[in-house]
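Engineer: Spelled out from the first residue to the last, the chains are:
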Amino acid sequence: MREASTPDDRPDRWEELVTAALLGTDRRAPVGGAPGREAPVALLDAAAMAAVRRRAGLRPAPAARRVEPAAEDARPALPEAAARRLALLLADRPGTGGGRRGTSPDLMELLPQWLATANAHGYAAPPQTLPALLDAARGRTDLRPAALAFAGPRALWLARLNPDWRFALRAAPGGGAALPDLQDTGEVQRLWQEGLFAERVALLGAVRADRPAVARELLEATWATERAEDRLMFLDSLRTGLSAEDEPFLERALSDRSRNVRSTAAELLSALPDSALAARMAVRAAACVALDRTLETPTIAVEAPLECDPRMERDGVVAKPPTGRGERSWWLGQLMEAAPLGTWPGRLGGRTPEEIVTLPVADGWQGELHAAWCRAAVRQRDATWSRALLGAPSALEAGGPGAVSLADRAKLLSVLDTRERAEWVAGFIATHGLSEAFQLLGVCAVPWAAPLGRAVVDALDIARDAGSYPWSFSGVMGLAERCLDPAEAARLEGLLAVPDEREDASPGAGGYWAEAFQRLMTTLRLRAAMAGELDVS
Amino acid sequence: MGGSTFDAMTQQGVRWTADQVLALAPDAASRKAGSKLGAAGPWSEAGSSDEGTVWGLCKGSGSRPYQTVVDIADSAGPAYKCSCPSRKFPCKHALGLLLLWAGGDGAVPTGKAPDWAEQWIEDRKKRAREKRTAGGGGSASGSGDLEAARRRAERRAERVTAGATELEQRLADLLRGGLATAEREGYGLWEETAARMVDAQAPGLAARVRELGAVPGSGPGWPVRLLEECALLHLLDQGWLRRERLPEGLAATVRSRLGLPASADGPPVRDRWLVLAQYDTADVKLTTRRIWLHGADSARTCLLLSYGAAGRSPELALPVGLALEAEVAAYPGAGQLRAALGEQFAPPSPTAIRPPGVSTAQAAARYGEALRDDPWLDAVPVTLDRVVPVPDGDSWQLADADADEALPLTPAARSRPGLWRLVALSGGAPVKVFGECGHRGFTPLTAWPEGTGQAVTLC
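One line per chain: the protein sequences are A and B, in this order. Per the working numbering, the first sequence starts with residue 786, numbered consecutively. Per the working numbering, the second sequence starts with residue 10, numbered consecutively.
A hint or two may mislead.
Said to hold, decoys possible - Mimicking SDA-like on lysine to any residue, the simulated pairs with C-alpha atoms at most 20 Å apart in a straight line are:
#1 B/K294 x B/D208
#2 B/K441 x A/E853
#3 A/K1196 x A/D1148
#4 B/K441 x A/P854
#5 B/K441 x A/A846
#6 B/K441 x B/K294
#7 B/K441 x A/A849
To be verified - Under 8 Å between C-beta atoms, here's a sample of chain B residues computed to sit facing chain A:
#8 R40
#9 P51
#10 S53
#11 A158
#12 L325
#13 V399
Calculated from the structure, these hints are not laboratory results. Yeah, the Cβ is synthetic: ideal placement off N, Cα and C, and Gly gets one too.
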């Protein structure tokens, strides 16, 4: 605020009083003052009058330069109940409270699901919740994409005003700048030619998702002038909508100056089974793997490459192995991974993938070979091979340290459709229990399909009867809270009672299990309520 | 959330929002714990009555569920009872139950209270009746008591006079030697003087003296602020020493500023009171809660104060944005806004009422005018219409949407998370803001978006 000046309240008069007060009236007596008053008292009298007058005379200050208003958010407002729920979820921030969880749900863990559902309905965030949303997204990077999508344009507007929220500008496409209409060729060309790197990456990604060929042509036009690290990022955008049409361009990129660009181009080409690179790799890989029919049972014989020649390197094979790995097996792995899986039935006596993976492998090459096929199946999104490599979920080695690790199985599962994935994991849990299921459950679609949900609940029930404590299963419990279909809540009713303690059980375990199941059920009910609040149609 | 207030009224009577319930929590941990209990899972046999009682059984870690009951219609704010051993007030079960009730998804149907809840409500009603009867009969006490009270008041006045005189001497000494010496002496000087004022039974003087100690360390411009505060303290001393010559209203203001007891003996004003804002300030010993009310019909703004001893939440809590039909009575003093909440006729309920607002220039003028009645006033409550938060260097302003004038935010308001809620709510467009406007600037407390939309608390 500023002071209004009046004739009898000259600023210099007040300054005079302050100076006198600072130095002391013994040294500097102010001029004037009522007669008969001691100097310090007279000073206080005058200052009291002046202070009240100064305060009473305060007027507004001139306005500073205004900020451009935030862009309109055209999405519909949240239903009221959903808005209340969001306030609750955001109030449950880490660091408030703590301790044992008891029977109450972990609200913060439900926020990602809530955001995904709200985004699917296309609601706008209530503006006053944006600071809490941005703070939550700042603390948890996994939350950022959904939180920022929900927060909408006003959150970016806010982030420009508060350095704490800069991450939102970085995370947003084009640093928060709006992309042009993708049909407007002139404007797209202009931004591609003149835009900042982040804007160009965002533009290329958006165009690629819309019209893949146009994106590739944009990139080809400026390819020669791009910097190496930019070329790598741009090339990576081609993963979306990859097709045989991209092959000539990618083939040229195999001769790029940058090694990273070359290997990315090779990786993309090997995901196109009909590409020339894939054919070259097939020839190289086939030369290393043969069926030895001289033995009693046909066996796969492996002869790893003896050298990594320049042409192999050009096709993306990395010559130098990581420390601790032999050169030849390293090269073999790369060839097998990049060769089209369609090569093998012909090469191995017309056998199906299921038959191929059961063939014995000579000289201890099985691990190397199967691991490379796993990577190939994932890269080429080949469901038949994935199924073959996974084997039956109830097979003995599925739970143990078999040829294929749990991590590889999780990746193979991601190639299968959601129903098949859920059924395989359900079968796995039914045979092997929960102790190794965590990673596999993580790749299943949410909410879990009915057979999977039942398998998990049954396995938890069995684990309880086995007498261990529920926190040995806290990972799976937490997943179940977030992923189990709320419709399963009714099936949990029978598990809520505290059973009589048995002699062999861990002390108090029954009570803790009842509590854990109670929390599971409460969370499921809450999720059902959350979904209902968002779905008002 | 526009227009939703009306849905809430037709569907479920007078339920609150989650924010309003969470505002009752005594601390962040309770807020979190309460939030988690705001789901149907652990609750059974929950219900609510039209008279404003909410009850339910909450399953805890023990075998018997806790019995939780809340009376939201009580004139002194919601009252709680829970069989849990928690010493938090309200406990997480009471908060969770209110959240469940506020959620309104059928988990807390309207019905008849079970015996255990009914018993508690009846006991409370009985006690309230007894208190009223006792209060009515109290005036019949003998004239001997009155005489004793008068003598006590006289003795206290003598002590205060001695304290004020001593303080005048200290201020004169300070000004004689210069404020620069105060900077060197630090807190010690003021702490000791403050203790003397406590002995003199003048808590108002003690508090002001204690605040003087912090001024020399408060950054550039401190000599101006220290002189102002010393001068106003001197003015208060002088006001007390010459109180017989002051108009009655101003004398009452001086007594209240000194911290002498007064009772809210103004005539009760019945109105629909909109709860504008509620916030707490705490020091080591005491939590002070301020609640601003706006009367829809009387257009009066008044302040309710409530206190909690160390760490405890003050008992009175009213949800911001709701309106309650009640009587309030003012405390004595010219320009005095403090009032006491009297009888409450209906529980707080959603409302479309918003306080009428003014421009920034009118707000500044209103503070100036209020100083006439109370020169010690730091700020006045005021609602600004159509203002936009604007960044101004390191600070922020509230600028008139339609004029080139702005009020700066107070330093305290700049560092609160509420500032960002205000900025987010506005998005660069005009909003209505209630807050306190004074010589340090404007402190926003509650905001409303243009058009419809609920109140958003900023404190």
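Engineer: All the hints need checking, so say for each whether the structure fits it.
Structural biologist: We went through each hint and held it up to the structure:
{"no.": "1", "hint": "B/K294 x B/D208", "in the structure": "holds (17 Å)"}
{"no.": "2", "hint": "B/K441 x A/E853", "in the structure": "holds (19 Å)"}
{"no.": "3", "hint": "A/K1196 x A/D1148", "in the structure": "violated (27 Å)"}
{"no.": "4", "hint": "B/K441 x A/P854", "in the structure": "holds (16 Å)"}
{"no.": "5", "hint": "B/K441 x A/A846", "in the structure": "holds (19 Å)"}
{"no.": "6", "hint": "B/K441 x B/K294", "in the structure": "violated (35 Å)"}
{"no.": "7", "hint": "B/K441 x A/A849", "in the structure": "holds (19 Å)"}
{"no.": "8", "hint": "R40", "in the structure": "holds (6 Å)"}
{"no.": "9", "hint": "P51", "in the structure": "holds (6 Å)"}
{"no.": "10", "hint": "S53", "in the structure": "violated (12 Å)"}
{"no.": "11", "hint": "A158", "in the structure": "violated (33 Å)"}
{"no.": "12", "hint": "L325", "in the structure": "violated (22 Å)"}
{"no.": "13", "hint": "V399", "in the structure": "holds (5 Å)"}
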